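Peer 1: Sequence:
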Amino acid sequence: MEKKLQTLKNILDSSRYTVALCGSGILKECGYPGILSLDIAYDIENRYGDSPEYIYSSAYFSTRPEKFFKFYKSEILDKDLEPSETFYALAELEKQEKLQTIISKNSFSLSERAGCKHVYNIYGTIHKNICTHCGKEYPVEFVKTSPSVPLCEECGHIIRPNVKLFGEMLDHEIIANLVFLDTPKNVLPKILEH
Numbered sequence: 001m002e003k004k005l006q007t008l009k010n011i012l013d014s015s016r017y018t019v020a021l022c023g024s025g026i027l028k029e030c031g032y033p034g035i036l037s038l039d040i041a042y043d044i045e046n047r048y049g050d051s052p053e054y055i056y057s058s059a060y061f062s063t064r065p066e067k068f069f070k071f072y073k074s075e076i077l078d079k080d081l082e083p084s085e086t087f088y089a090l091a092e093l094e095k096q097e098k099l100q101t102i103i104s105k106n107s108f109s110l111s112e113r114a115g116c117k118h119v120y121n122i123y124g125t126i127h128k129n130i131c132t133h134c135g136k137e138y139p140v141e142f143v144k145t146s147p148s149v150p151l152c153e154e155c156g157h158i159i160r161p162n163v164k165l166f167g168e169m170l171d172h173e174i175i176a177n178l179v180f181l182d183t184p185k186n187v188l189p190k191i192l193e194h
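For the sequence shown, the positions run 1 to 194 when UniProt numbering is used.
Hints are computed from structural coordinates only; laboratory data are not their basis. Just so you know, these numbers come straight off a predicted model, no measurement behind them. There are no misleading hints in this set.
Simulated restraints on C-beta separations:
| # | residue 1 | residue 2 | range |
| --- | --- | --- | --- |
| 1 | R113 | I174 | 18 to 24 Å |
| 2 | Y88 | T63 | 39 to 45 Å |
| 3 | T7 | K70 | 44 to 50 Å |
| 4 | L5 | A59 | 42 to 48 Å |
| 5 | T63 | T7 | 47 to 53 Å |
| 6 | S14 | T132 | 44 to 50 Å |
| 7 | I174 | E92 | 22 to 28 Å |
Derived DSS-like pairs (lysine-lysine); straight-line CA-CA distance at most 30 Å:
| # | residue 1 | residue 2 |
| --- | --- | --- |
| 8 | K136 | K67 |
| 9 | K105 | K144 |
| 10 | K73 | K144 |
| 11 | K136 | K105 |
| 12 | K164 | K136 |
| 13 | K128 | K28 |
| 14 | K164 | K73 |
| 15 | K79 | K136 |
| 16 | K4 | K28 |
| 17 | K28 | K98 |
| 18 | K95 | K79 |
| 19 | K128 | K117 |
| 20 | K95 | K9 |
| 21 | K3 | K28 |
| 22 | K73 | K105 |
| 23 | K105 | K28 |
| 24 | K105 | K95 |
| 25 | K98 | K3 |
| 26 | K95 | K4 |
| 27 | K117 | K28 |
| 28 | K73 | K28 |
| 29 | K28 | K164 |
| 30 | K117 | K105 |
| 31 | K128 | K144 |
| 32 | K79 | K128 |
| 33 | K79 | K164 |
| 34 | K164 | K70 |
| 35 | K95 | K28 |
| 36 | K73 | K128 |
| 37 | K28 | K79 |
| 38 | K128 | K67 |
| 39 | K105 | K67 |
| 40 | K98 | K4 |
Backbone N, C-alpha and C fix where the C-beta goes; we use that ideal spot for every residue, glycine too.
Could you build all of it, start to finish, from the sequences and the hints given here?
Peer 2: Structural data, given as structure tokens:
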């Protein structure tokens, strides 16, 4: 283990531009197994009558908002996750200027809550919710405390979590920023070659 840590330290010390990729594994450290692990997915299907992939989709959100929000509040919002030591270590690396960017696949904003500044949440964030009609933004607490389907106080339309649901495309603007703005010019041609 000591040798691996020394190797990592050497890589970070010699790197000119370091990016951390944070996937679902890092959430497990925080106590969140995810909704797609076999036992969890099976349990969800037993309780809700549909698979988590189907429930957590834009089609389900549009056609069954009551069931979607029952699932979303219980299985996503009620988890009260806190950043793990890994998130704080990433924030420290960022402060030391050894880490320039974090690309995160989780929508809980745990990197930011640990103090990271340069984070791309490619699947969005639960902390931002938007009216589907007028665009008014709402915090996660508004969605959590809504009795059923959260509705906009301005126009009465449904409020949508600002997260990517299964089957939706990633935000092209975020991807463009990742490729072109945060990639050193001498690295991009090498990426495109492969």
